[in-house]
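S.K.: Residues per chain, in single letters:
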Amino acid sequence: MTGPAAFPHEGHVPVLRLGEVLLVTLQGDLYDSTAERLRQDIGQTVSDSAVEVSGVVIDLSGVEVVDSFMGRVLSDVAAMTRLLAAQTVVAGMRPAVAITLVELGLTLPGLRTALTTEDALRLLGAEVSVPSRDGRPRGERP
Amino acid sequence: MPEQRTAEERTDPVEELGTFLRRSREQIAQRWADAALFRTVFTVSRDEAVEAGRAVVEALAAVAAAGRLEDAEADGFAVVREQLARTAHSRARTGATLAQISAEMDALRPPVNDLLLDELSEAPAQHLRECTTALTVLMGTLRLVMMETAMSAGQELINRQRLELLEIATPVIKLWEGIVAVPLIGTLDSARSQVVMETLLDAVVEQHARIAILDITGVPTVDSLVAQHLMKTVAAARLMGAECIVSGIRPAIAQTIVHLGIDLSSVLTRASLADALAYALQQQGAHIVPAPAGEPE
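Chains A and B supply the protein sequences, listed in that same order. Just so you know, we're using UniProt numbering here: the first sequence kicks off at 1 and counts up by one. Just so you know, we're using UniProt numbering here: the second sequence kicks off at 1 and counts up by one.
The set of hints was computed from the structure by calculation and includes no laboratory data. Treat the hints loosely; a few may be bogus.
[To be verified] According to the in silico footprint, chain B covers these stretches of chain A (three or more CB under 8 Å from chain B): (1) 84 to 95; (2) 98 to 105; (3) 114 to 125.
Positions of the beta carbon are idealized from the N, C-alpha and C atoms, including for glycine.
Same shape as in the complex, but just chain A (with noise of 0.2 Å):
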């Protein structure tokens, strides 16, 4: 998708940090330059950060509509921040944006995801051997 860039906000997408993990949540339409910004930003940020980042996630439950290049630019977030040493978990993925990558033949093997942003917290909070808020095993439900 190609669009609208005349504001030079617009295609940005904030990166927030949480502790030791980087929430990216994506709303609306995404756009190429969106995508190309967010992989540059989340890359600066993992290397930049004083404290060390464990893991990203991004949040796609408000997206409706992804196409293949954005489907490339998730896996490729995923690989590079594998090689900064953090996991990438892809969180809240709607049912008709799976179908569509699935179609694409862009099942994304490396790529984590989770149902929730918060149960991909819960997920990297488990991984990286940081004991979560409340010391519960990964999967119990309170």
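Using the hints provided, position chain B relative to the given structure of chain A.
M.R.: Quick look at chain B alone, frame taken from chain A:
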């Protein structure tokens, strides 16, 4: 007399047939009312059967007048198409097969043929032959129209039932908190597996399910296409953050999959639904232990 004969010879047989049909409309309708097709459909009153027969003869005359004997799409038939569909429908409801209806349609021709022969007893043999041929062609077209309407009614019914089957054949069952299952029964084709995929993924979101079980105990055969559909569903569920287990692969099907060289290594499989549920519960951190003997439940 010789003058009249040459005049008759010059008339086009198709046109002649049209005027004949219009002229003997009443007689044909009366005879048709006694034929099996009309008699069994219009059981209430004979007048109704005569009326219906009259409409059909009128339509035939119009088609003949337009000179489109072999055209099942001719405008003349449009008027009676609905009536023919009703007739075919009520015959089919009483258990008549398409072949029977077709035979009954065929039985409508001889009475008309007799009337035509009586009418043209004076005409030369060549002309007579052409007229009867034209009548046969016309009645054949009428039969075709009848069959078309009868079959399209059947096709509509089949289409509607197929849609209904798609909806009822893919229930998503919640087995446990966070565990859903889809028992697949019957042959999987592209349309069905698409519906299965969509309902399963929707259920994953709705029920917040971390594990989805696809049980294929009721699927009679698995070919490479079905396997591909299964793998797509599993991949889509994984992208959403749910783990997908395929269970109920029977030994014969396992053998077929291996013979076909289908690689299901990316798919988590279990022998039975019970095994899949046990695995899912274990993943959820839940344990089922037998109640200690002697203690109340």
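S.K.: Look at each hint and say if it fits the structure.
M.R.: Verification of the supplied hints:
Requiring three or more residues with a Cβ within less than 8 Å of a Cβ of chain B, the coverage given for the region 84 to 95 of chain A holds, as 6 such residues are present. Requiring three or more residues with a Cβ within less than 8 Å of a Cβ of chain B, the coverage given for the region 98 to 105 of chain A holds, as 5 such residues are present. Under a criterion of three residues with beta carbons nearer than 8 Å to beta carbons of chain B, the stated coverage of the region 114 to 125 of chain A is upheld, 5 such residues being counted.
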